[in-house]
Amino acid sequence: MAALERWPSDGIPANPGAWITTTARNRAIDRVRRARTLLAKTDVLARDAAFDAAHAQAAQIAAAEDELDPIPDDQLRLIFTCCHPALAPEASIALTLRSLGGLTTPEIARAFLVPEATLAQRLVRAKRKIREAGISYAVPPADRLGERLDSVLRVLYLVFNEGYDATAGEALIRRELCVEAIRLERVVADLLPGEPEALGLLALMLLTDARRPAREAADGSMVRLEEQDRSRWDAARIAEGAALVARALAMGRAGPYQFQAAIAAVHDEAATAADTDWPQILGLYEVLGRLAPSPVVALNRAVALAQVAGPAVGLAAMDELAGDPAMAWYRFYHAARADLLRRLGRDGEAASAYDRALALAPNGPERTFLERRRREVAVSGSAG
Amino acid sequence: MRYLLMIYADPATMPQSEAELGAMWAEYGSFGNWLEETGQFLGGEALQPVTTATTVAVRDGHRILTDGPFAETKEQLGGYYLISATDLDAAIEAAARIPGARTGRVEIRPIMEMG
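Note that the protein sequences, when read in sequence, are chains R and V.
Okay, so the first sequence: first residue is 1 according to the numbering used here, each after it adds one.
Okay, so the second sequence: first residue is 1 according to the numbering used here, each after it adds one.
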């Protein structure tokens, strides 16, 4: 990756985010220039001319202005088009990253662990659908904006999660996904400042990404929130994220992203793990559980409950979720149960739960962490 | 652009009583009027149930006839509208207004324009 290859020798630029996005955009512009030359020569490519022209226009104006935000309206139109609900989410993700994110097809394929040919086909089919089914290149009218915005936010949230989650591909690609998700979400939030969920998602991304520098240990294992060196957290992002959440919530139109962001803000504003306001987090999870119930939210609520009322109470809440088939396959469920069992001294059961988590865990920092915990609860005489 | 809107429903969910059927036809009447008023109506009909269907295939010059639809599915094609709409969003707007969309599903397919 160009950015990270240069930094050690040049020193980290004052605004690394801008450097990365400018690099990505310059690469996108180069590609677009090559495509336009080809466009002039080939009829086949001319069928995609309308779509590529929109992309080219956005990128070209960026080059001309040499700023972080090219003609915003073009970007917004393109985002809404790429994220139209008539397209499958994985198609929207690929198209958004390709058209707006300055990522190449091989980079996107590697990020999502999909063969390059599959991803290329996905892009071709998505563009074909936009053209054949008549998806307009437009910002939706006010009465449809809310529902269309949901699709956009979902796509960007998925991109961010893929970048942040340890299951994604190489570290460098993952970092670029987060950068791109944040950059595009900024465009959306800046242009739709009256939409609290847009602000909420941006806040959530900033507050989560702020912790990134402290997430990985020297041995490559994952450092959990409680153990992270908080002095490495990005204070500027935390301040910005916290301000955004406050502004969003003040609009009085509650939504799931706002509440997830509020939870992240409570974590990020604790000077030490011990200072974490768990009762507030528990309360926020209970509201979130009513707004947007999901197994993940129920699990996180149980974790917060354990912090407030002790591991036995938390474990009881977790065991109530055991009937949900989604939980059986959710590695964080088993890891969280294992943790509480370990804290209660029930090592044998903890070991089994860690085994189930490991069976579902990908390679990488997360696995290393789980294996270490598994060793700690190893019971003499039991199988490894 | 032209689109075909195909209305699929589980026959078990269809209205049974005279009163309910009457109400449903009235709603479809309103929908048809709206399509006309907005200049989108090109055609549309309700279809007899799949129990009245006949399927035809020709293989090696032989006609093969089967009693029933080409595929036995729970949700069945009950009717269609052919519309002219500015774009997919307009077609979606129309499809969402179809009374059958509330209990069944409407498939939107763009017409392949030739020439």
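Derived by calculation from the structure, the hints in this document are not laboratory data.
A portion of the hints provided could be inaccurate.
Claimed, not checked - Think about it this way: if two alpha-carbon atoms lie no more than 25 Å apart in a straight line, the pair counts; the simulated SDA-like pairs of lysine to any residue are:
id : chain 1 : residue 1 : chain 2 : residue 2
1  : R       : Lys129    : V       : Ala90
2  : R       : Lys129    : V       : Glu113
3  : R       : Lys129    : V       : Tyr8
4  : V       : Lys74     : V       : Arg102
5  : R       : Lys129    : V       : Arg105
6  : R       : Lys129    : V       : Tyr80
7  : R       : Lys129    : V       : Ile98
8  : V       : Lys74     : R       : Val287
9  : R       : Lys129    : V       : Asp89
10 : R       : Lys129    : V       : Pro110
11 : V       : Lys74     : V       : Met14
12 : R       : Lys129    : V       : Met14
13 : R       : Lys129    : V       : Glu107
14 : R       : Lys129    : V       : Asn33
15 : R       : Lys129    : V       : Met114
16 : R       : Lys129    : V       : Phe41
17 : V       : Lys74     : V       : Gly104
18 : R       : Lys129    : V       : Ala101
19 : R       : Lys129    : V       : Met1
20 : R       : Lys129    : V       : Thr13
21 : R       : Lys129    : V       : Asp87
22 : R       : Lys129    : V       : Leu42
Said to hold, decoys possible - If you anchor each label on the Cβ, the simulated ranges turn out as follows:
id : chain 1 : residue 1 : chain 2 : residue 2 : range
23 : V       : Arg59     : R       : Arg290    : 57 to 63 Å
24 : R       : Glu216    : V       : Thr86     : 46 to 52 Å
25 : V       : Asp60     : R       : Glu90     : 37 to 43 Å
26 : R       : Asp190    : V       : Thr54     : 32 to 38 Å
Claimed, not checked - Partial selection, computed: residues in chain V whose CB lies under 7 Å from chain R:
id : residue
27 : Met1
28 : Asp87
29 : Pro110
30 : Met114
Note that beta-carbon positions come from the ideal geometry of N, C-alpha and C, so glycine has one too.
Each hint tested on the structure:
Among the hinted pairs, R:Lys129 with V:Ala90 is consistent with the structure: their alpha-carbon atoms are about 16 Å apart, no more than 25 Å. This hinted pair checks out: R:Lys129 and V:Glu113 have alpha carbons roughly 15 Å apart, not beyond 25 Å. Between R:Lys129 and V:Tyr8, the direct Cα distance comes to roughly 22 Å. Compliance with the 25 Å bound is thereby established for this hinted pair. This hinted pair checks out: V:Lys74 and V:Arg102 have alpha carbons roughly 16 Å apart, not beyond 25 Å.
Between R:Lys129 and V:Arg105 the CA atoms are separated by roughly 20 Å; this keeps the pair inside 25 Å, and the hint holds. At most 25 Å may separate the alpha-carbon atoms for a hinted pair to count; R:Lys129 and V:Tyr80 meet this at roughly 22 Å. Only pairs whose Cα atoms come within 25 Å are accepted, and R:Lys129 paired with V:Ile98 is accepted, the gap being roughly 23 Å. A distance of roughly 39 Å separates the Cα atoms of V:Lys74 and R:Val287; the hinted pair therefore is violated under the 25 Å criterion.
Simply put, R:Lys129 and V:Asp89 have alpha-carbon atoms about 13 Å apart, close enough for the 25 Å limit, and the pair holds. A distance of roughly 10 Å separates the Cα atoms of R:Lys129 and V:Pro110; the hinted pair therefore holds under the 25 Å criterion. Taking the CA atoms of V:Lys74 and V:Met14, the gap is near 13 Å; set against the 25 Å cutoff, the hint holds. Distance restraint check for R:Lys129 and V:Met14: the Cα-Cα separation of roughly 33 Å exceeds the 25 Å cut-off, and the hinted pair is therefore not satisfied.
With a C-alpha separation of about 15 Å, the suggested pair R:Lys129 and V:Glu107 falls inside the 25 Å cut-off, and the hint holds. Under the criterion of a C-alpha separation no larger than 25 Å, the hint pairing R:Lys129 with V:Asn33 is inconsistent with the structure, at around 30 Å. A distance of roughly 17 Å separates the Cα atoms of R:Lys129 and V:Met114; the hinted pair therefore holds under the 25 Å criterion. Of the supplied pair hints, the one linking R:Lys129 and V:Phe41 holds, its CA atoms being roughly 23 Å apart against a limit of 25 Å.
For the hint linking V:Lys74 to V:Gly104, the alpha-carbon distance of about 11 Å falls within 25 Å, and the restraint holds. For the hint linking R:Lys129 to V:Ala101, the alpha-carbon distance of about 22 Å falls within 25 Å, and the restraint holds. Under the criterion of a C-alpha separation no larger than 25 Å, the hint pairing R:Lys129 with V:Met1 is consistent with the structure, at around 14 Å. A distance of roughly 32 Å separates the Cα atoms of R:Lys129 and V:Thr13; the hinted pair therefore is violated under the 25 Å criterion.
For the hint pairing R:Lys129 with V:Asp87, the CA-to-CA distance comes to about 12 Å; that is within 25 Å, so the pair holds. For the hint linking R:Lys129 to V:Leu42, the alpha-carbon distance of about 23 Å falls within 25 Å, and the restraint holds. One distance hint, 57 to 63 Å for the beta-carbon pair V:Arg59 and R:Arg290, holds here, with the actual separation near 58 Å. For R:Glu216 and V:Thr86, the Cβ-Cβ distance of about 51 Å falls inside the hinted range of 46 to 52 Å, so the restraint holds.
Distance hint for V:Asp60 and R:Glu90: a CB-CB separation of about 42 Å, consistent with the stated range 37 to 43 Å. Between R:Asp190 and V:Thr54 the C-beta distance comes to about 60 Å, which lies outside the given range of 32 to 38 Å. With 7 Å as the threshold, the beta carbon of V:Met1 comes within range of chain R, its nearest partner Cβ sitting at about 5 Å, so the hint holds. Because the beta carbon of V:Asp87 sits about 4 Å from the nearest beta carbon in chain R, less than 7 Å, this interface hint is met.
For the restraint placing V:Pro110 at the interface with chain R, the shortest Cβ-Cβ distance is roughly 5 Å, inside the 7 Å limit, so the hint holds. The criterion of a C-beta within 7 Å of any C-beta in chain R is not met by V:Met114, whose closest approach is roughly 13 Å, and the hint is violated.
The structure fails to meet hints 8, 12, 14, 20, 26 and 30 from the earlier list, while all remaining hints are met.
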